[in-house]
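Asker: Okay, so the sequence shown: first residue is 5 according to our numbering, each after it adds one.
By construction, these hints were calculated from the structure, which means they are not laboratory data.
Not one of these hints is a red herring.
Derived lysine-lysine pairs resembling DSS-like cross-links, with alpha carbons at most 27 Å apart: (1) K245 - K279; (2) K171 - K279; (3) K225 - K279; (4) K171 - K245.
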Amino acid sequence: MRGGSFDADEEPHEILVTIYGNRIGYKVDLDPTNSQTIIGRDLDVDIPIDDESVSRRHCRLMPVDGAWFIEDLRSTNGTYVAGVPVTRAPLRDGDLIKIGSTIFKFLSTSNVEAAYYEEIYRMAIFDGLTQIHNRRYFEEFVEREISRCRRHSRDLSLLLFDIDHFKQINDRYGHLSGDYVLRTLAGRVSRRVRREELFARYAGDEFVLVLPETGADDAIKFADVVRRIVDETDFRFDGRKLPVTISVGVGAFTRDMVSPAQLVAAADAALYRAKERGRNQVSA
5 MRGGSFDADE EPHEILVTIY GNRIGYKVDL DPTNSQTIIG RDLDVDIPID DESVSRRHCR
65 LMPVDGAWFI EDLRSTNGTY VAGVPVTRAP LRDGDLIKIG STIFKFLSTS NVEAAYYEEI
125 YRMAIFDGLT QIHNRRYFEE FVEREISRCR RHSRDLSLLL FDIDHFKQIN DRYGHLSGDY
185 VLRTLAGRVS RRVRREELFA RYAGDEFVLV LPETGADDAI KFADVVRRIV DETDFRFDGR
245 KLPVTISVGV GAFTRDMVSP AQLVAAADAA LYRAKERGRN QVSA
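Based on the provided sequences and hints, a complete structural model is requested.
Answerer: Structural data, given as structure tokens:
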């Protein structure tokens, strides 16, 4: 078992890439001649993870008849594949494996080197936990949109929202439940985002939606749609219902704005007002 760069003379085979957690981008080659590859918190396992939520010997990967399987080793917090807890399951190309706070991506393809570097590019613009765009990509996108608005006198609005009392969710139910909330929320909201719009994780439990060709009135209406989507979602983790709502601030582009920071500041001020009014609110 080894991590690092590719050897051009090696035959391609399956790999794990860390896309969220410590050592993002780290690659582990999976050797089909090994009967098992152990992942856990112990230092003597094949893939150690320094995380208290990971069991000492958490799970193992096994080659079986040309395929790879993952098996949970009675871990405390479970092993997840594609967001589903598993006892034993086959792995397919592109599967996301969550162990504690770490997410691996399983890659199995005839050109694993190209797949690895494509995944490195994705990590530069996507958030590993939620699989939506990250702040870096948002900043580039909104800067282009503001330039376009100034040139062509177009509308542009921005929604900034965060999860009400998110720290309390983490403190009461654990950080794994917090990760579940972030992933589930991102997935539900993403379904309502149009191709020309952008949904991104801004920071922690803060998210941002950029709405080109959208004025303030329509942005406020859509913000309430997003708020209701979250409010009506049944968030359940380990059989427990989690109380999840959001507060949304709406900012609209004006001609005196010259930078993305000004548009974000307008939405942030509105978000603060929504919090002051009792949360689970939209403010502009």
